[in-house]
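Take the sequences, apply the hints, and build the full model.
Quick mapping for you: the protein sequence lines, in order, are chains A and L.
So for the first sequence, the working numbering puts the first residue at 1; every next one is plus one.
So for the second sequence, the working numbering puts the first residue at 403; every next one is plus one.
Since the hints were derived computationally from the structure, they do not count as laboratory data.
Any given hint could turn out to be false.
[As the list claims (entries may be wrong)] Quick list of the computed label-pair ranges, beta carbon to beta carbon:
| # | chain 1 | residue 1 | chain 2 | residue 2 | range |
| --- | --- | --- | --- | --- | --- |
| 1 | L | Pro677 | A | Thr151 | 26 to 34 angstroms |
| 2 | A | Asp121 | L | His774 | 37 to 45 angstroms |
| 3 | L | Arg548 | A | Gly266 | 19 to 27 angstroms |
| 4 | L | Asp568 | A | Ala57 | 55 to 63 angstroms |
| 5 | L | Pro563 | A | Ala262 | 33 to 41 angstroms |
| 6 | L | Glu758 | A | Asp166 | 57 to 65 angstroms |
[Said to hold, decoys possible] One side only, chain L facing chain A, incomplete, derived with CB under 8 angstroms:
| # | residue |
| --- | --- |
| 7 | Pro455 |
| 8 | Ala459 |
| 9 | Ser473 |
| 10 | Val769 |
[What the hints assert, rightly or not] These stretches of chain A come out as covered by chain L in the derived footprint (C-beta under 8 angstroms, 3 or more residues):
| # | segment |
| --- | --- |
| 11 | 142 to 152 |
| 12 | 231 to 242 |
| 13 | 263 to 272 |
| 14 | 281 to 289 |
Ideal Cβ positions, reconstructed from N, Cα and C, are used throughout, including at glycine.
There are 2 protein chains.
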Amino acid sequence: MSELPLLARKLDASDELAPLRDRFVLGTASDDAADAAVYLDGNSLGALPANVPDRVADVIRRQWGELRIRSWEESGWWTAPERIGDRIAPLVGAAPGQVVVGDSTSVNVFKALVAAIRMADAGRDELLVDATTFPTDGYIAESAARLTGRTLRPVTPAEVPAVLGDRTAAVLLNHVDYRTGRLHDLPGLTAAVHAAGALAVWDLCHSAGALPVGLDEHGVDLAVGCTYKYLNGGPGSPAYLYVRRELQDRFDSPLPGWNSHAEPFGMSPAYTPAPGAVRGRVGTPDILSLLALDAALDVWDGVSLTAVRAKSLALTDFFLRCVAEYTEPGRVECVTPERHAERGSQIALRCADAGEVMKRLIARGVVGDFRHPDVLRFGFTPLYVGFRDVERAARVLGEELA
Amino acid sequence: MSELPLLARKLDASDELAPLRDRFVLGTASDDAADAAVYLDGNSLGALPANVPDRVADVIRRQWGELRIRSWEESGWWTAPERIGDRIAPLVGAAPGQVVVGDSTSVNVFKALVAAIRMADAGRDELLVDATTFPTDGYIAESAARLTGRTLRPVTPAEVPAVLGDRTAAVLLNHVDYRTGRLHDLPGLTAAVHAAGALAVWDLCHSAGALPVGLDEHGVDLAVGCTYKYLNGGPGSPAYLYVRRELQDRFDSPLPGWNSHAEPFGMSPAYTPAPGAVRGRVGTPDILSLLALDAALDVWDGVSLTAVRAKSLALTDFFLRCVAEYTEPGRVECVTPERHAERGSQIALRCADAGEVMKRLIARGVVGDFRHPDVLRFGFTPLYVGFRDVERAARVLGEELA
Chain A
1 MSELPLLARK
11 LDASDELAPL
21 RDRFVLGTAS
31 DDAADAAVYL
41 DGNSLGALPA
51 NVPDRVADVI
61 RRQWGELRIR
71 SWEESGWWTA
81 PERIGDRIAP
91 LVGAAPGQVV
101 VGDSTSVNVF
111 KALVAAIRMA
121 DAGRDELLVD
131 ATTFPTDGYI
141 AESAARLTGR
151 TLRPVTPAEV
161 PAVLGDRTAA
171 VLLNHVDYRT
181 GRLHDLPGLT
191 AAVHAAGALA
201 VWDLCHSAGA
211 LPVGLDEHGV
221 DLAVGCTYKY
231 LNGGPGSPAY
241 LYVRRELQDR
251 FDSPLPGWNS
261 HAEPFGMSPA
271 YTPAPGAVRG
281 RVGTPDILSL
291 LALDAALDVW
301 DGVSLTAVRA
311 KSLALTDFFL
321 RCVAEYTEPG
331 RVECVTPERH
341 AERGSQIALR
351 CADAGEVMKR
361 LIARGVVGDF
371 RHPDVLRFGF
381 TPLYVGFRDV
391 ERAARVLGEE
401 LA
Chain L
403 MSELPLLARK
413 LDASDELAPL
423 RDRFVLGTAS
433 DDAADAAVYL
443 DGNSLGALPA
453 NVPDRVADVI
463 RRQWGELRIR
473 SWEESGWWTA
483 PERIGDRIAP
493 LVGAAPGQVV
503 VGDSTSVNVF
513 KALVAAIRMA
523 DAGRDELLVD
533 ATTFPTDGYI
543 AESAARLTGR
553 TLRPVTPAEV
563 PAVLGDRTAA
573 VLLNHVDYRT
583 GRLHDLPGLT
593 AAVHAAGALA
603 VWDLCHSAGA
613 LPVGLDEHGV
623 DLAVGCTYKY
633 LNGGPGSPAY
643 LYVRRELQDR
653 FDSPLPGWNS
663 HAEPFGMSPA
673 YTPAPGAVRG
683 RVGTPDILSL
693 LALDAALDVW
703 DGVSLTAVRA
713 KSLALTDFFL
723 RCVAEYTEPG
733 RVECVTPERH
743 AERGSQIALR
753 CADAGEVMKR
763 LIARGVVGDF
773 RHPDVLRFGF
783 TPLYVGFRDV
793 ERAARVLGEE
803 LA
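Below you can see the structure in the form of structure tokens.
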């Protein structure tokens with residue numbers, strides 16, 4: 001008999017973050033499963049924070065339904081993008097006034113890259129992009145390069161230091177790789193990019209909320225991230241844009257919508273950009289989704305990111321240990337780095353029949369996801385995943401792989 | 403004693419659209435007002451449709467909270483942008499498969515303009531934009547011109563026919579002017595643009611849902627519009643993009659996010675655009691707002707746009723008649739055209755103290771809005787505004803102007 005179930009109980013008992021699970025709705029996901037599902041897909045869609053439903057109901061019934069147009073002022077709708085940005089700021093290591101929420105990640109990647117290219121010296125004609133990144137970053141980078149007359153050069157993060165040079169205008173990197181879960185060296189790579197005189201743009205989709213990021217500390221120039229993974233903002237909730245304070249006056253947006261105007265209600269035909277993070281806004285903010293996110297961010301009250309990171313690593317370590325015990329050697333290959341310094345908050349296992357295996361896992365109440373062509377992804381959200389969840393997931397996985 | 407209150411009752415009694423008001427939540431907007439407010443700001447933020455709160459609660463509690471990631475397929479989240487686009491299509495006179503919902507109006511203006519410029523002959527180096535339009539269209543047009551190396555030429559809609567020529571790549575016009583409420587000649591201007599060999603892009607923010615648009619009938623090339631005015635989608639609800647079927651294969655998006663890929667889950671580093679309206683998508687769709695809009699669109703079931711237009715004109719005619727009777731001659735100047743063919747669904751009155759007057763009107767439960775520097779705007783949403791509302795608004799206005 002394995003000692004792992006007992007160990008899982010002990011680890012849960014001593015987990016200081018365990019009570020945070022009550023801040024989420026984690027009921028039965030499937031009528032077919034005997035128990036509540038083990039939800040290991042928070043790196044794709046975070047679970048529902050318990051206070052979101054009532055908050056959104058109030059936004060709809062009272063703020064929209066009763067106050068209507070008055071809510072733009074009285075309910076603080078107009079300033080929500082920067083106010084909520086300031087709530088995300090500490091989660092990514094940013095001082096206030098540098099983060100604004102709105103639009104999708106893809107749209108924010110576009111803003112950040114075109115703005116970065118425009119901040120770089122005119123003679124720098126190359127844009128480097130992480131060739132292993134989530135594809136939308138590459139597609140949008142290609143468009144940004146095309147529209148600004150630059151050349152796009154896809155490279156792996158490991159190749160970046162050698163490729164950087166006088167021609168480099170900006171570099172777009174992903175902090176944690178969406179497929180392998182590899183954590184890239186944000187401080188080191190940012191320093192290398194700066195040493196070459198270029199700008200560093202980071203995509204934080206798979207790191208923010210799972211580990212400390214330290215944007216200010218490491219001098220990152222621009223960053224973007226989604227809010228529906230470890231920030232639990234809900235399906236397709238708006239993304240955010242970080243522009244380092246020293247660069248804000250030079251932020252020249254390719255999407256200068258009226259919300260980024262210094263006097264948006266002046267209705268002037270001449271564009272004058274607002275100072276600060278507001279300059280990253282575009283059109284009318286999507287209030288229902290923004291305020292759902294606002295409510296979702298309450299789960300971070302009093303939470304230490306150091307503790308989150310420690311638990312995240314403990315969860316992934318324990319998962320790897322359980323998989324090693326429950327699964328026949330060689331049946332899966334772990335593509336997530338073993339070294340803590342290179343690991344995000346997910347474990348990716350490769351096997352030829354990954355698509356079929358994931359279907360069977362989900363049917364048995366262990367919810368991860370499949371990434372084409374052969375990767376099983378398991379995301380570990382420290383705020384609501386426990387060690388018993390991990391043990392059960394690895395045990396069911398072992399059974400299905402047998 | 404004026405006969406107008408009695409006439410208003412008669413007009414309400416014979417109004418075939420009057421029962422539609424029950425499809426909305428129109429309770430007390432202000433504790434200060436004795437009666438429920440007269441809401442004449444639906445051209446800025448549409449009132450809350452009655453079935454939205456329960457629908458959104460289900461999306462949050464069941465689809466997100468219980469099904470979680472499974473909802474992308476099982477709850478139809480993934481295809482919502484084009485499915486809801488097909489629900490908007492008949493409201494703008496479009497056959498299915500040409501409208502997609504997502505992003506803000508400003509972002510869609512950017513997509514439409516860059517795509518239109520790329521569809522035009524390479525030698526055409528001018529982009530014409532309505533100089534009187536809502537400013538964001540001009541700001542975004544300037545950016546689109548800058549990024550594609552074209553020259554932006556702001557002109558009034560009346561000047562367009564004379565200015566069109568071999569240099570014109572595309573023309574961006576607003577169907578109804580946000581300030582004056584003037585309805586521009588979409589069929590005639592579109593034909594003139596086509597005769598010059600250019601592409602016609604229309605902004606429908608202030609017309610869709612208030613009058614028939616006829617995109618297919620008049621051969622419009624591309625169009626955008628918001629959904630939070632006459633379509634009642636909620637504050638900042640996502641906008642839509644129309645691309646005429648014949649042009650879809652040539653739609654070359656400046657924002658080629660992964661959602662517009664032919665195989666989005668193939669995760670290929672090479673971008674291959676999807677066919678059809680899907681090509682206008684960018685990033686992950688904002689599901690809460692999209693599905694609130696989906697519910698809001700139910701109010702259109704069985705509604706004839708011809709009847710909507712007839713009532714809209716009857717409401718604005720009646721308002722002008724009431725204002726003429728209740729207000730001292732010369733106290734306000736009507737800047738909305740008198741001719742029906744040139745009138746949208748709002749009345750704009752100019753007076754030097756418009757800002758102060760609107761504050762007093764709102765305090766008395768008559769909610770319109772103020773547009774800098776001297777315009778009182780009153781929007782008439784035929785689905786929920788009645789003739790008694792109109793008479794009361796004009797009467798209170800007359801009292802406040804006296």
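Legend entry - Hint check, failures only: Hint check: nothing fails, all pass.
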